[in-house]
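Enquirer: Starting from the given sequences, assemble the full structure and let the hints guide the process.
As a plain string of letters, each chain reads:
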Amino acid sequence: MAKRTRGFIGPLGDDIPSIFPIVIGLTLFFAGFAFGVTRYNERTTMLEERRTGLSISYSIMERGFVESDTALHPNLDELCQRAKDIADKNRLYVALSVQDAFTYVGSCNTPDCVFLNTAPFSSYGSGITKCVSDVWNSTFAKGDTKLLPRNYVSYSYPIAIPCADATCKTYQPGLINIIMWNYRPVV
Amino acid sequence: MIRGQASLFDGIFFLLIATSATGLIFYFMSSYGTSADMLMTDAYTVNSVQAALKSLYWVDFDSVAASIPGAATGYREDVMSCLKRSVEAGDVGSPSAPSCGAYAKDAMIESLRKTMIIFTQSGYDYMFAVRKERPEEWVTVQGDAISSVCDRTPRGQACVLQGTDNCDSVTQKELSAKLISIAAPFRIKQGDEIKDYAVFLCVWRR
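Protein sequence lines correspond, in order, to chains A and B.
The first sequence begins at 4 in our numbering and counts up by one.
The second sequence begins at 27 in our numbering and counts up by one.
In short, the hints are calculated from the structure, not lab data.
C-beta: ideal position from N, C-alpha, C; glycine also.
Be careful, since some hints might not be right.
Pair by pair, the computed Cβ-Cβ distance ranges are [claimed, not checked]: (1) A:Arg94 with B:Ile220: 34 to 44 Å; (2) A:Arg54 with B:Arg181: 41 to 51 Å; (3) B:Ala209 with A:Leu31: 52 to 62 Å; (4) B:Arg231 with A:Asp80: 34 to 44 Å; (5) B:Gly49 with A:Glu65: 26 to 36 Å; (6) B:Gln147 with A:Ala169: 41 to 51 Å; (7) B:Ser148 with A:Arg54: 14 to 24 Å; (8) A:Ala34 with B:Asp63: 20 to 30 Å; (9) A:Ala34 with B:Ala69: 31 to 41 Å; (10) B:Gly49 with A:Glu70: 52 to 62 Å; (11) B:Arg160 with A:Glu70: 53 to 63 Å.
Simulated coverage check for chain A against chain B, where a stretch passes if three residues somewhere in it have a Cβ under 8 Å from a Cβ of chain B [as the list claims (entries may be wrong)]: (12) 29-36; (13) 166-175.
Pulled a few chain A residues facing chain B out of the computed Cβ check, cut under 10 Å [as the list claims (entries may be wrong)]: (14) Asp18; (15) Gly39; (16) Leu57; (17) Arg66; (18) Cys83; (19) Ala163; (20) Ile179; (21) Ile182.
Expert: Here it is, written out as structure tokens:
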């Protein structure tokens with residue numbers, strides 16, 4: 004009888020050594036799985052944003068120039084409407100601005116810079132509702148992108164923009180910037 | 027054999043499977059989206075070069091005239107029209123070209139310096155060339171080629187790309203193995219004859 008129970012430490016005790024590798028294995032697998040799912044979602048979102056960005060750019064770069072309004076400022080109304088239509092379908096915020104080749108000339112109060120999707124962005128400040136234009140004006144325009152979501156997408160394209168100076172009558176070289184980000188609140 | 031060893035082996039075997047599965051997840055995630063990302067980057071680059079070339083048809087010569095020594099203003103022509111006048115007279119940059127054609131090369135350099143800034147800042151170089159069609163023959167640019175490479179070359183030093191070079195020279199001179207080239211056709215009427223030309227804008231990674 005004593006010989007038959009040698010090494011036997013009970014039905015539960017016998018399995019205790021195997022519990023450790025099982026627990027480690029499960030932890031490792033679920034941690035890896037969670038990481039994989041997170042990365043997959045992030046990448047998919049980023050690719051979707053980039054794809055939408057390209058769709059918007061195909062649409063707004065059709066003619067190669069930005070029209071001017073009566074005051075000879077860039078008039079982005081039509082381009083903005085096109086960009087907005089595409090961005091809305093893909094649940095993205097989008098903002099457009101134009102600049103001459105070397106200097107950012109846009110500002111929220113001038114027609115040089117037009118902002119879209121002016122839905123409340125209540126995650127900025129305590130109870131202060133800010134529109135996308137404020138975010139753009141206070142952050143991205145000044146090169147500070149920390150308030151934007153981590154995965155925003157920005158494209159710049161060469162485009163002819165209305166002349167800023169009187170000697171030139173039609174267009175000068177410039178750039179148009181397209182920046183997009185998801186509806187998710189900014190952390 | 028001690029009975030606990032069998033269940034321990036089961037646990038270790040399970041750990042091995044879990045580790046392999048996790049490894050597969052990591053392997054899949056490291057490559058997921060890479061090819062789509064590359065495709066979209068290429069699409070963006072091609073679209074940008076097209077946009078740059080398209081914008082040249084609208085840029086007023088007067089907007090860049092201030093940066094060109096000796097150039098007058100008031101021509102009321104876009105830089106591509108100036109280029110056509112220059113090509114009509116022979117070479118690009120020919121001083122005998124009528125109107126703003128005499129400054130076509132400088133106007134093109136100045137316009138491209140501004141429109142292609144997103145490329146030069148991202149580590150790309152570009153080159154602009156004109157080709158006569160049927161029979162194919164590259165139009166000579168007087169002096170150095172119209173390229174960011176020549177723009178960066180210090181004064182007094184010869185640029186690696188000369189006016190007789192074209193987009194093919196980039197690979198021949200081993201500046202890059204892969205380049206993206208966009209062309210746009212135009213026509214010039216010389217007497218009763220209509221001649222077909224094409225402008226080429228090519229970019230490559232430095």
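Enquirer: All hints are to be evaluated individually against the structure, with a verdict given for each.
Expert: Checked hints:
Under the hint 34 to 44 Å, the C-beta atoms of Arg94 (chain A) and Ile220 (chain B), about 51 Å apart, miss the expected range. Range check, Arg54 (chain A) to Arg181 (chain B): about 45 Å between beta-carbon atoms, so the 41 to 51 Å window is met. Range check, Ala209 (chain B) to Leu31 (chain A): Cβ separation about 55 Å, and the 52 to 62 Å hint holds. Checking the proposed 34 to 44 Å range against Arg231 (chain B) and Asp80 (chain A) shows it holds: the Cβ atoms sit about 37 Å from each other.
A C-beta distance of roughly 47 Å is found between Gly49 (chain B) and Glu65 (chain A), which places it outside the suggested range of 26 to 36 Å. Taken as a hint, the range 41 to 51 Å is violated for the pair Gln147 (chain B) and Ala169 (chain A), whose Cβ atoms sit roughly 29 Å apart. For the pair Ser148 (chain B) and Arg54 (chain A), the supplied restraint of 14 to 24 Å holds, since their beta-carbon distance comes to about 20 Å. A hinted range of 20 to 30 Å holds for the C-beta pair Ala34 (chain A) and Asp63 (chain B), which are about 26 Å apart.
Between Ala34 (chain A) and Ala69 (chain B) the beta carbon distance is about 36 Å. The supplied range of 31 to 41 Å therefore holds. Here the CB-CB span from Gly49 (chain B) to Glu70 (chain A) is close to 56 Å, well matched to the stated 52 to 62 Å. For the pair Arg160 (chain B) and Glu70 (chain A), the supplied restraint of 53 to 63 Å is violated, since their beta-carbon distance comes to about 37 Å. Restraint check on the region 29-36 of chain A versus chain B: 6 residues with Cβ-Cβ distances below 8 Å, three needed, restraint holds.
Check on the region 166-175 of chain A: 8 of its residues sit with their Cβ under 8 Å from a Cβ of chain B, so the three-residue criterion for coverage holds. Taking 10 Å as the C-beta contact cut-off toward chain B, the hint placing Asp18 (chain A) at the interface holds, the least distance being around 5 Å. For the restraint placing Gly39 (chain A) at the interface with chain B, the shortest Cβ-Cβ distance is roughly 4 Å, inside the 10 Å limit, so the hint holds. A hinted interface residue such as Leu57 (chain A) counts as satisfied when its beta carbon comes closer than 10 Å to some beta carbon of chain B; here the least separation is about 6 Å, so the hint holds.
Taking 10 Å as the C-beta contact cut-off toward chain B, the hint placing Arg66 (chain A) at the interface holds, the least distance being around 8 Å. Below 10 Å, beta-carbon pairs count as interface contacts, and Cys83 (chain A) has none with chain B, the closest being about 17 Å; its hint is therefore violated. Annotation: interface hint on Ala163 (chain A) holds; nearest CB of chain B at approximately 4 Å, less than 10 Å. With 10 Å as the threshold, the beta carbon of Ile179 (chain A) comes within range of chain B, its nearest partner Cβ sitting at about 8 Å, so the hint holds.
Here the hint on Ile182 (chain A) is broken, as its CB sits about 14 Å from the closest CB of chain B, past 10 Å.
When held up to the earlier numbered hints, the structure conflicts with 1, 5, 6, 11, 18 and 21 and fits the remainder.
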